[in-house]
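Participant: Please construct the entire structure, taking both the sequences and the accompanying hints into account.
Take any residue in the sequence shown, note its place counting from 1, add 422, and you have its number in this note's numbering.
Calculated directly from the structure, the hints in this document are not laboratory data.
Model, not experiment: these values are computed from the prediction.
Take the hints with a grain of salt, since some may be wrong.
To be verified - Taking lysine-lysine and the PhoX-like style, the derived pairs with C-alpha atoms no more than 25 Å apart in a straight line are: (1) Lys-468 <-> Lys-574; (2) Lys-603 <-> Lys-473; (3) Lys-468 <-> Lys-585; (4) Lys-580 <-> Lys-473; (5) Lys-591 <-> Lys-536; (6) Lys-536 <-> Lys-468; (7) Lys-591 <-> Lys-580; (8) Lys-591 <-> Lys-473; (9) Lys-585 <-> Lys-536; (10) Lys-591 <-> Lys-468; (11) Lys-473 <-> Lys-536; (12) Lys-536 <-> Lys-546; (13) Lys-497 <-> Lys-603; (14) Lys-580 <-> Lys-546.
As the list claims (entries may be wrong) - So the derived label-pair ranges between C-beta atoms look like this: (15) Leu-461 <-> Leu-554: 19 to 25 Å; (16) Val-517 <-> Arg-488: 22 to 28 Å; (17) Phe-474 <-> Ser-576: 21 to 27 Å; (18) Ala-486 <-> Tyr-637: 42 to 48 Å; (19) Ser-576 <-> Gln-619: 39 to 45 Å; (20) Phe-474 <-> Arg-599: 22 to 28 Å.
Think of the CB as a built atom: it goes at the ideal place given N, C-alpha and C, for glycine as much as any other residue.
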Amino acid sequence: MITPDQETGTKLWHLVKNHDHSDHKEGDRGSKMVSEIYLTRLLATKGTLQKFVDDLFETVFSTAHRGSALPLAIKYMFDFLDEQADLRQITDPDVRHTWKSNCLPLRFWVNVIKNPQFVFDIHKSSITDACLSVVAQTFMDSCSTSEHRLGKDSPSNKLLYAKDIPNYKTWVERYYRDIGKMPAISDQDMDAYLVEQSRLHANEFNSLSALSELYFYVNKYREEVSARPERPAA
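Facilitator: This is how it looks when you write it as structure tokens:
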């Protein structure tokens, strides 16, 4: 964008024009034009990535379209949560839904989506981080049981996937429902599964190094760890 200047003849601007400049007038479309350009590029980028986001969500929230069997630990953990809810006579389905969301999608998957460098040997640029934050926020909204009310003042990352979130929510509900219908996992089967996983990955971790890190941590906070909390007075 070029603006005439009396001294040099021209003045170069980036996409955003300085509104404090003397030639700024009421009703200038500069900022509006920049917003329109940004929105157009935002929607175009979303359209390009839509298939990949859909594939990710469908893979995570599906017992069939995973490429591999559902890990036994997920079924075992979800059954445990349902048993605890029954034990405490919690009949609100939203509570059970929230428990499961906090244990797996919001605890594990959001962290992986937001920080791919935890899994892959890659560099995450600031632009990539911003894009992944939008996907992670959409993921979290899809696991929520509350209704999302959006308005003109809502942030763009909320508005971007507003029409997709209801569909994603049905995937989450179907995922939890399908897991609930699967055959229960016995304690013996779970123990055998953990032993097999330990055998398969026995050479991938350094046990002595892990114990060393635990020792340094416990040694640093040994007073706090060994201290017993005082019992409240009767």
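Participant: Tell me, which hint numbers fail for this structure?
Facilitator: Violated hint: only 2; rest satisfied.
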